[in-house]
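Enquirer: Spelled out, the chains give:
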Amino acid sequence: MKRKVGALEKVDADLPNLQHKIKSDPTSYKDDFVSQYSLYSSVHELFLTSPTTTDDTGLVRLRDLVDFISHVADCYPQITAKFPQDLISLLQQHHASLDSELRDKIVGSLVLLRKKDIIDSNTLLNTLWPLLVSTPSKSLRALLYQKVVSEMRNSNSKTTNHKLNRSMQATCYNLIASDPASPKGLWAVKLTRELWKRQVWADSKAVSIMEAAALSQDAKVVTGGVRFFLGGDQEREDAADDESDQEEKNISMGKLRHQAGINKKTAKRDRDLKAAAANVKRKERKKSTPHALNFGALHLLNDPQGFAEKLFQQHLQPSQPKVKLNLEQKLFVLQLVSRLVGLHKLTLIPLYSYFIKFLTPRQPSVTGFLASLAQATHNLVPPDVLDPLVQKIANEFVSEAAASEVASAGLNGIREICARQPLAMNDTLLQDLVQYRKSKDKGVQMAARGMLSLYREVGAEMLRKRDRGKDTTLKMRAGEMAGARRFGHVEGGGIEGLELLEKWKEEQGMEGSEDEEAGWNNWDAQSDDSESDGGWVNVESEGEEIDISDSEDEREKAAAKKGKIEARKAKQADKENTDTADATNDAPKDNADAPKATPEAAAPTERTTASLEPAAALKREEAHISTLATTRILTPADLLKLQELRANATLTAALPSAKRRKLAAQAQAAASSRHADDAVTAIDIEGLALLSHKATREDKILLAKGQRPEGRDGGGDGNDHRSTTARRKERKEAEGKSTTNREKARKKNFLMTLGKAKKKGKRKLSVQRGILKAHNERSKRGGKRGNKGQ
Amino acid sequence: MGSSTKKKKEKAKDFQKTKLKVGKARPKNTNATDTSFAAKSIVFKQQSVSETRDATALFNHNLSLLSSKTEPQRRDALQYLTTACQVAGEELPQPASAVISKAQPLILDGSNGVRQQLLKLFKALQGDIGPLEQLLLYTRAGMTHLSTEIRLSALAVLDWLLRTQTDAVLTCPGGWIKTTKTFQNLLSWQGGLSSTGATMNGKWSATKAATSLGNNKLLVQQLNSLATFLTAGLTPEPVDPDAAGRRAADLFPLWHTDAHVLPKGSNPFGYLNLFGAPRDAESEVYDDAESRYEIFGELGLLADFQAGVKEAKKEGGEVGRAAALVDKALRLADDR
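Protein chains in written order, with the numbering used here: chain A, 37 to 826; chain B, 3 to 338.
In case anyone wonders, no lab produced these hints; they're calculated from the structure.
Be aware that one or more of the hints could be misleading.
[Claimed, not checked] Covered, in the sense of this in silico footprint (three residues per stretch, anywhere, with C-beta under 8 Å from a C-beta of chain A), are these stretches of chain B: (1) 25–39; (2) 129–140.
[As the list claims (entries may be wrong)] List time: in silico PhoX-like cross-link candidates among lysine-lysine, alpha-carbon distance up to 25 Å: (3) A:730 <-> B:19; (4) B:21 <-> A:428; (5) B:21 <-> A:476; (6) B:30 <-> A:360; (7) A:730 <-> B:15; (8) A:730 <-> B:26; (9) B:15 <-> A:118; (10) B:26 <-> A:360.
These numbers were taken from a predicted model, which means no experiment stands behind them.
C-beta: ideal position from N, C-alpha, C; glycine also.
Throw the hints in and build the complete structure from the sequences for me.
Expert: Encoded structure:
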């Protein structure tokens, strides 16, 4: 309770006023400050004797004094030397019993003192962090957490404060590592996750904190750590996207300029416009700066194999684990383990037998287990480990007796497993499963079709002949399909554009070792590429000379060079043709282009005509690659040339026909590589089970209203079965925009239209003409005011 | 007919199997019991409904009313306690120290009447009033308070303390230096720094009058109290050379008698500060006039006070006379 204050006292107790005066002239108000400070110290001393009492008893309150002094503390550093320490000890010793308002004020004052640089951030964090961990008050914890995060962000805003980060990370790590069974580690997890999201911490130390958390012995801490690995990076990306979205939305310069042209010009508006322009420029500059390269948390792990093993042994395998996790939490851990196994291709054999007992349709959230199993599969998992699992899924889930939902989930699960390890399937089972594409149920049907199309690609010989399809059969006949795969078989990689380099070398006649030596001499070719002494640079400098000198023989040389390039293009096109099945049809057409090239290019074209037979050409190409990459070491000059050639090749590839071919190849590659790095979710497994249900009346109504029926969440395809107009209208309304002119005309008040309708028929022709003219002009201009500057 | 189909349907409903979806949690059972609850509190309007009380209970009740929120209630309680003390003398239901510890926060009370009544209560109290540390803290807080009236009444409390418990005030931890420093702050006698009002860090700033006109009365009161305080603190105890010998002769066969008898005051070893926070020079205990004088000079207080008194004496009138008293007290220190 604050008592009534007399008029004279009010003047003295008017701390904000005094604060203002002190800030403008500290020396003359020193006496006033000293008297306030002595009042503070006596009240503080009184308070220390009985900290539980509220400080509301008298005319002055301790929290007002604390606030006042911390605001002007920078003006009197000598007098207030002990003040920060006072506050810190008050908070540390009595935080549990302090009045909440006073407590919050002290925390705020400490942060203020930090802003004024009276105390350093280490002191502040060392005060706040232990309190955050130990205090029983929820509101204080929220406040402290917010202050700690903002302090960390502020001190990392200009440059990364490595020292502070390191000490804070060590604190967090120790909090978890010193007592793995306590729930206090949650704060370390929370802080790390937040700072990870804000990209303040993006190094392996933060990841190792989370690693410790995931291996701790408290259920909440474990879940926090595990969820970080599963979703932390996504969260970080989303946060970054949000930020850039907000920035983009803000200002449209054209609109502002347009407004400035219309509105009255005042100094303030001028200033605003300038500020906006500066803002836009700053943002553009920010946009053009290179994006910080951040690795995902899963890639920053020190020892993924050890981590996965420990996670599995600690939380999943034992029948009496140290931490009792419920099913949901266990699923999270399982997801992480399987993610690690799939991503890093780890070997964790006991994991697969662990799955067996969960693979029944009655198991709650079995789709999650199926997804985890699929995720844990990769091409280095022995097929005989996976075989019983696939068998069990097939037996339990996929049968005529099982519900359609169950069957489709099982089929989808098997497909996801087999997409990663095709050898886990045997042909009898496969042929059996493929039969389900004749099922009446849509979901099952589509799942079985997915299965079929997968095996057409990866193991067509396991399918029955009539199931293989035309394309696959053709390919098989041409011998393009990879034959029966064997376990552990790895595709060899290559260097992109290497064959181009080799061809170029052949053309230049540079095969000898003396050339190689020259390449090594030009070791730092990359660092000073304007200098010309390497073999490859000579070509370019020649070209330049031609342009300048214009002499006859040099022009010939230029023509020769041109011819070479064209020939190379033709060859490039040829080679791509060989990849496709219908290469034989295209090749002559392409070759017809080749004679257009200059006679000097005849030799290379001859070589290309030899490559008419596709299979042979492919073989030769492969042979070339292997010889070049394995017989000699590429010099820096070589690498630079390689880069140049690659750029040229992309230019040729930009032609429309090549583009189309490339797109198709890309789509195929994306479809096959989807499995490598993404997580498989339960939703993937549930898949099209939705199609098996007939929508109820209520669901239909909800859909028509644009709401999602319960039970169906997270599909996220955005199809809510409403008309496009309705959706567009809603979107426009949400943006605060109006709809079309036609819409407005339709909505117009009837009475307002009456007058015009009455007169319209009786208008004179000249008037009518004027109106039409004006309308025409307006529409050309783009509306009443035109859209200048927009 | 209609009712029978309805009944049939209802019956059929009981045996309908709930449809479980694959991969989803089980729906809740229809016969599940909701175990969530909300707590409720009961509020009484009166604190006590009993009517008749004996004197002790009434005394205790009034003692508890000292921390009441309403001003008249506090004043009335003080009044009751004062009369009770006057009547009962030393036979109070509670010891005087308990009354003091309950009443001392009222030194900082906003209401004038309460503070005056409080002083009356203090004066009416008899017997040992216990350790003075807390009481002095409140007094000093009152002396530095923003409100002039509170300062005045705090000074009155200090005067009362000096009259009745001189030694206890001076030997209590922080009693000497902290109090003198408080006076120094109050009078702004900070070694001439404030009185010059000069240019600091390149900025010129005007001198502010140390005291305003309205506070003259306060200044006089402060100077008077300071004079009493300094006189008490700096006067050496009259030394009787024979006293110790006579006492030893009285108790002849016994040696160090004082060490063996039971202590009379409460917390007799408090000066050792066994359980409190470590003290600095300011809150140390200064037992005799000699040590008090030494620390007074060491901290440079003596010089500051002399300079300040010199200034104050020049004002003449009531202030001058009070300053002369302080000067006289300071001479005690000078004489050594």
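Enquirer: Now tell me, hint by hint, if it's right for this structure.
Expert: Do the hints match the structure? See the list:
A count of 4 residues in the stretch 25–39 of chain B with a Cβ less than 8 Å from any Cβ of chain A is obtained; the coverage claim is therefore met, three being the minimum. With a cut-off of 8 Å between beta carbons, the stretch 129–140 of chain B has 3 residues touching chain A; three or more are needed, and the interface restraint holds. Our distance criterion of 25 Å between C-alpha atoms is met by residue 730 (chain A) and residue 19 (chain B), whose separation comes to about 19 Å. Proximity of residue 21 (chain B) to residue 428 (chain A) is assessed by CA-CA distance (about 24 Å); at most 25 Å being required, the pair is judged to hold.
Under the criterion of a C-alpha separation no larger than 25 Å, the hint pairing residue 21 (chain B) with residue 476 (chain A) is consistent with the structure, at around 21 Å. Taking the CA atoms of residue 30 (chain B) and residue 360 (chain A), the gap is about 23 Å. The hint holds against a cut of 25 Å. With a C-alpha separation of about 21 Å, the suggested pairing of residue 730 (chain A) with residue 15 (chain B) holds against the 25 Å cut-off. Under the criterion of a C-alpha separation no larger than 25 Å, the hint pairing residue 730 (chain A) with residue 26 (chain B) is consistent with the structure, at around 18 Å.
A threshold of 25 Å between alpha carbons decides the hint, and for residue 15 (chain B) with residue 118 (chain A) the separation of about 77 Å lies outside it, so the pair is violated. A hinted pair counts as satisfied when its Cα atoms are at most 25 Å apart, and residue 26 (chain B) with residue 360 (chain A) qualifies at roughly 22 Å.
Hint compliance for this structure: hint 9 alone is broken.
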